[in-house]
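There are 2 protein chains.
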Amino acid sequence: MILKKQLNSNLYLALIHYPVVNKNGEKIVSAVTNLDLHDIARAAKTYGIKKFYIVTPLKDQKELVNKILFHWKNGYGAKYNPKRSEALELIDVCDTLEDVLSKIKEFSKESPKTIVTSAKKGLNNLDCKQLNNKIKLGMSCLLIFGTAWGLSNSIIEKADFILEPILGNTEYNHLSVRSAVSIILDRLLGRNNI
Amino acid sequence: MILKKQLNSNLYLALIHYPVVNKNGEKIVSAVTNLDLHDIARAAKTYGIKKFYIVTPLKDQKELVNKILFHWKNGYGAKYNPKRSEALELIDVCDTLEDVLSKIKEFSKESPKTIVTSAKKGLNNLDCKQLNNKIKLGMSCLLIFGTAWGLSNSIIEKADFILEPILGNTEYNHLSVRSAVSIILDRLLGRNNI
Chain A
111 MILKKQLNSN LYLALIHYPV VNKNGEKIVS AVTNLDLHDI ARAAKTYGIK
161 KFYIVTPLKD QKELVNKILF HWKNGYGAKY NPKRSEALEL IDVCDTLEDV
211 LSKIKEFSKE SPKTIVTSAK KGLNNLDCKQ LNNKIKLGMS CLLIFGTAWG
261 LSNSIIEKAD FILEPILGNT EYNHLSVRSA VSIILDRLLG RNNI
Chain B
111 MILKKQLNSN LYLALIHYPV VNKNGEKIVS AVTNLDLHDI ARAAKTYGIK
161 KFYIVTPLKD QKELVNKILF HWKNGYGAKY NPKRSEALEL IDVCDTLEDV
211 LSKIKEFSKE SPKTIVTSAK KGLNNLDCKQ LNNKIKLGMS CLLIFGTAWG
261 LSNSIIEKAD FILEPILGNT EYNHLSVRSA VSIILDRLLG RNNI
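One line per chain: the protein sequences are A and B, in this order.
To get my numbering, take the position in the first sequence, counting from 1, and add 110.
To get my numbering, take the position in the second sequence, counting from 1, and add 110.
Think of the hints as simulated: they come from the structure by calculation, not from any bench.
A portion of the hints provided could be inaccurate.
Which copy is meant is left open, because identical chains are indistinguishable; a pair holds if it fits in one copy or across any two.
[As the list claims (entries may be wrong)] Simulated pairs of lysine-lysine, BS3-like, Cα-Cα distance not exceeding 27 angstroms:
#1 K133 <-> K183
#2 K215 <-> K133
#3 K193 <-> K133
#4 K213 <-> K161
#5 K133 <-> K246
#6 K177 <-> K133
#7 K177 <-> K223
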């Protein structure tokens with residue numbers, strides 16, 4: 111299949127497990143969810159993301175991620191479903207967001223702009239159309255998503271941009287992070303928007 | 111929060127576990143995935159879907175779904191996260207697609223048009239823009255999604271419409287059903303498209 115339109119974007123993703131907040135707004139470390147790795151890696155591969163970073167400082171959680179990746183990239187999973195391993199190849203594991211930024215700089219010689227997503231209305235200073243224009247101009251961006259009840263303020267405050275929340279067609283505003291990433295990638299990089 | 115634009119759509123979702131195909135194209139019954147219920151119900155609630163049907167003929171799988179629903183709607187989960195129970199309220203379990211259609215007819219006095227999604231290019235006869243126009247005119251629609259390696263031909267052949275596949279920004283075309291549902295609902299009912 112030859113695509114008529116294809117954008118060579120400079121986009122990276124990070125999924126944060128610390129610092130995030132629980133439902134009471136307290137700072138916590140969340141556990142890694144297996145399907146976050148699969149679903150977000152598959153969406154990232156579909157939309158041409160360069161790298162997908164799993165951020166957790168916990169040794170056992172990093173080991174878990176590496177075990178899952180080994181199964182699908184080198185173990186039985188790679189034979190059973192090679193398309194899955196193509197997507198999971200995008201994943202890398204880091205201790206902190208700072209480590210992610212250092213790795214991207216090392217890898218691409220660029221310091222990406224950091225973009226956080228927040229379901230809270232009012233904080234945002236960038237919509238998908240504006241970000242889409244920046245991506246088309248070649249801006250290097252790291253899109254940062256939170257697990258649990260969302261990113262800690264300490265990450266939101268340091269970001270270069272805060273992306274508008276996803277509003278659907280009702281007042282209900284509680285998508286899974288897997289759905290939110292998929293929808294935002296489609297809005298930013300879907301064939302009708304590039 | 112008061113929404114400026116809100117479409118009172120007549121849309122239903124069904125997630126099929128039989129008949130679907132495995133990677134060799136053989137007809138199988140797939141197992142229910144817990145996160146399919148959560149993610150798709152949350153996306154359905156966000157975009158104003160009327161009902162989300164889980165289709166499986168297997169007694170133990172139906173019991174599993176009902177156990178999960180009980181936990182979140184009546185058990186500890188309902189206290190822990192009431193927003194989750196609001197979404198899971200949309201779920202109903204049926205043996206077959208025919209049962210889904212009968213239930214919708216009973217519930218709404220309408221026979222919805224059936225719309226299947228297929229990742230295979232060439233079969234489709236409807237794009238999201240065209241379907242969006244039909245929804246705006248009030249057409250009652252049942253969007254049918256397959257688990258495993260997709261819907262069996264016996265379902266695809268009987269559908270009223272086949273929706274275009276989701277193309278991202280690369281040639282990779284292997285989204286999870288959770289991502290695919292989220293993206294299609296956003297394309298059909300997202301605030302910028304209504």
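Do the hints match the structure? See the list:
Taking identical chains as interchangeable, the C-alpha atoms of K133 and K183 lie at most 27 angstroms apart only when they sit on different chains, with a minimum of 18 angstroms there against 35 angstroms within one chain. Neither within a single protomer nor between protomers do K215 and K133 lie at most 27 angstroms apart by alpha-carbon distance, with minima of 34 angstroms and 40 angstroms respectively. Proximity of K193 to K133 under the C-alpha cut-off of 27 angstroms is restricted to the inter-copy arrangement: shortest distance 12 angstroms between copies versus 36 angstroms within a copy. In this assembly of identical chains, the alpha carbons of K213 and K161 lie at most 27 angstroms apart only when taken from the same copy (10 angstroms versus 45 angstroms across copies).
Within a single copy, K133 and K246 get their C-alpha atoms no closer than 37 angstroms, and across copies no closer than 37 angstroms, so neither meets the 27 angstroms cut-off. Taking the shortest Cα distances, K177 and K133 sit within 27 angstroms of each other only across copies (24 angstroms), while inside one copy they are farther apart (29 angstroms). When the C-alpha separation of K177 and K223 is checked against a cutoff of 27 angstroms, the pair qualifies neither within a copy, at 31 angstroms, nor between copies, at 45 angstroms.
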